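All residue numbers for the sequence shown refer to the UniProt record's numbering, where the first residue is 1 and numbers rise by one.
Each hint should be verified, as a subset may be incorrect.
As the list claims (entries may be wrong) - Below 25 Å or equal to it, Euclidean Cα-Cα: the simulated DSS-like pairs (lysine-lysine) are:
#	residue 1	residue 2
1	K92	K3
2	K170	K45
3	K11	K144
4	K3	K45
5	K120	K11
6	K120	K85
7	K102	K170
8	K120	K62
9	K144	K175
10	K21	K45
11	K45	K102
12	K144	K102
13	K85	K45
14	K91	K45
15	K85	K175
16	K102	K85
17	K120	K170
18	K85	K144
19	K21	K91
20	K120	K18
21	K175	K45
22	K21	K3
23	K102	K21
24	K120	K144
It is worth saying that the hints were derived from the structure and are not from the lab. Treat the numbers as computed from the prediction; the structure is a model and nothing was measured.
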Amino acid sequence: MTKALIRLNEKIPCLEGKAIKTSQTKLESYLDYYQENNQNFDLSKVIYEVEYHDNGLQEGQKGGLFLGISHLMPGTVGEEFYMTKGHLHHKKDTGEYYWGLKGCGLLLLVYEDGTYELEKVSTGSIHYIPGRTSHRLINIGTEKLSVGACWSTESGHDYVNCHFPVRVFKKGEGKFEVIHCTT
1 MTKALIRLNE
11 KIPCLEGKAI
21 KTSQTKLESY
31 LDYYQENNQN
41 FDLSKVIYEV
51 EYHDNGLQEG
61 QKGGLFLGIS
71 HLMPGTVGEE
81 FYMTKGHLHH
91 KKDTGEYYWG
101 LKGCGLLLLV
111 YEDGTYELEK
121 VSTGSIHYIP
131 GRTSHRLINI
141 GTEKLSVGAC
151 WSTESGHDYV
161 NCHFPVRVFK
171 KGEGKFEVIH
181 CTT
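Make a model of the complete structure from these sequences and hints.
Here it is, written out as structure tokens:
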């Protein structure tokens, strides 16, 4: 019997083992995604990190899966909660699964017809993201939000053609407000 190449450390949570890759997204790379983007913010601040298993498969290759974890830090830009850039899939009909590992947040799903849903993400929650659906994570908690993900190697990520018609703002301790927007 062979040992698994990777494992989930549930306490941290993180992936452990061979061929784990990481990337960081700093505020400077997407400050314009936020409504209050003209103030003096620390642009070098890491807003989220992604770790994934480099299983040797290439994006666009048929029949494979990727596995990763997104870690979204707690905080706000102005009063708007930290969020991921969000994306659609290049291969539009491919779905994805997310599952909450730690923290408290929201998954914003925006469908082709412009309607949207906000799903609460917490430890143990499981979320199916259908194809043709823009999606982004929002951390509304006070600790790091860690979310596992599994998606097709054929999916690809399109950060340009997705639309997010709502923003989520902090309104007191443990409270938030959803505001409709046009940008």
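A quick look at each hint next to the structure:
1. For the hint linking K92 to K3, the alpha-carbon distance of about 35 Å lies beyond 25 Å, and the restraint is violated.
2. Pair hint K170 plus K45 holds up; C-alpha atoms about 19 Å apart against a cutoff of 25 Å.
3. This hinted pair checks out: K11 and K144 have alpha carbons roughly 13 Å apart, not beyond 25 Å.
4. Of the pairs offered as hints, the one joining K3 and K45 is violated, with about 37 Å between alpha carbons and a cut-off of 25 Å exceeded.
5. For the suggested pair K120 and K11, the alpha carbons sit about 21 Å apart, so the restraint of at most 25 Å is met.
6. Proximity of K120 to K85 is assessed by CA-CA distance (about 18 Å); at most 25 Å being required, the pair is judged to hold.
7. The hinted pair formed by K102 and K170 meets the criterion: a straight-line CA distance of about 20 Å does not exceed 25 Å.
8. This hinted pair does not check out: K120 and K62 have alpha carbons roughly 32 Å apart, beyond 25 Å.
9. For the given pair, K144 sits about 17 Å from K175 by alpha-carbon distance, which is consistent with the 25 Å threshold.
10. In summary, the hint linking K21 to K45 is supported, as the alpha carbons are separated by about 20 Å, within the 25 Å threshold.
11. For the suggested pair K45 and K102, the alpha carbons sit about 21 Å apart, so the restraint of at most 25 Å is met.
12. Of the supplied pair hints, the one linking K144 and K102 holds, its CA atoms being roughly 7 Å apart against a limit of 25 Å.
13. In summary, the hint linking K85 to K45 is supported, as the alpha carbons are separated by about 15 Å, within the 25 Å threshold.
14. About 32 Å separates the Cα atoms of K91 and K45, which puts this hinted pair outside 25 Å; it is violated.
15. Of the pairs offered as hints, the one joining K85 and K175 holds, with about 22 Å between alpha carbons and a cut-off of 25 Å not exceeded.
16. Only pairs whose Cα atoms come within 25 Å are accepted, and K102 paired with K85 is accepted, the gap being roughly 20 Å.
17. Between K120 and K170, the direct Cα distance comes to roughly 15 Å. Compliance with the 25 Å bound is thereby established for this hinted pair.
18. Only pairs whose Cα atoms come within 25 Å are accepted, and K85 paired with K144 is accepted, the gap being roughly 16 Å.
19. The suggested pairing of K21 with K91 holds, with an alpha-carbon distance near 23 Å, which does not exceed 25 Å.
20. A distance of roughly 32 Å separates the Cα atoms of K120 and K18; the hinted pair therefore is violated under the 25 Å criterion.
21. Of the supplied pair hints, the one linking K175 and K45 holds, its CA atoms being roughly 24 Å apart against a limit of 25 Å.
22. Straight-line distance between C-alpha atoms of K21 and K3 comes to about 20 Å, which keeps the hinted pair within the 25 Å bound.
23. Between K102 and K21 the alpha-carbon distance is near 20 Å, which keeps this suggested pair within the 25 Å criterion.
24. With a C-alpha separation of about 15 Å, the suggested pair K120 and K144 falls inside the 25 Å cut-off, and the hint holds.
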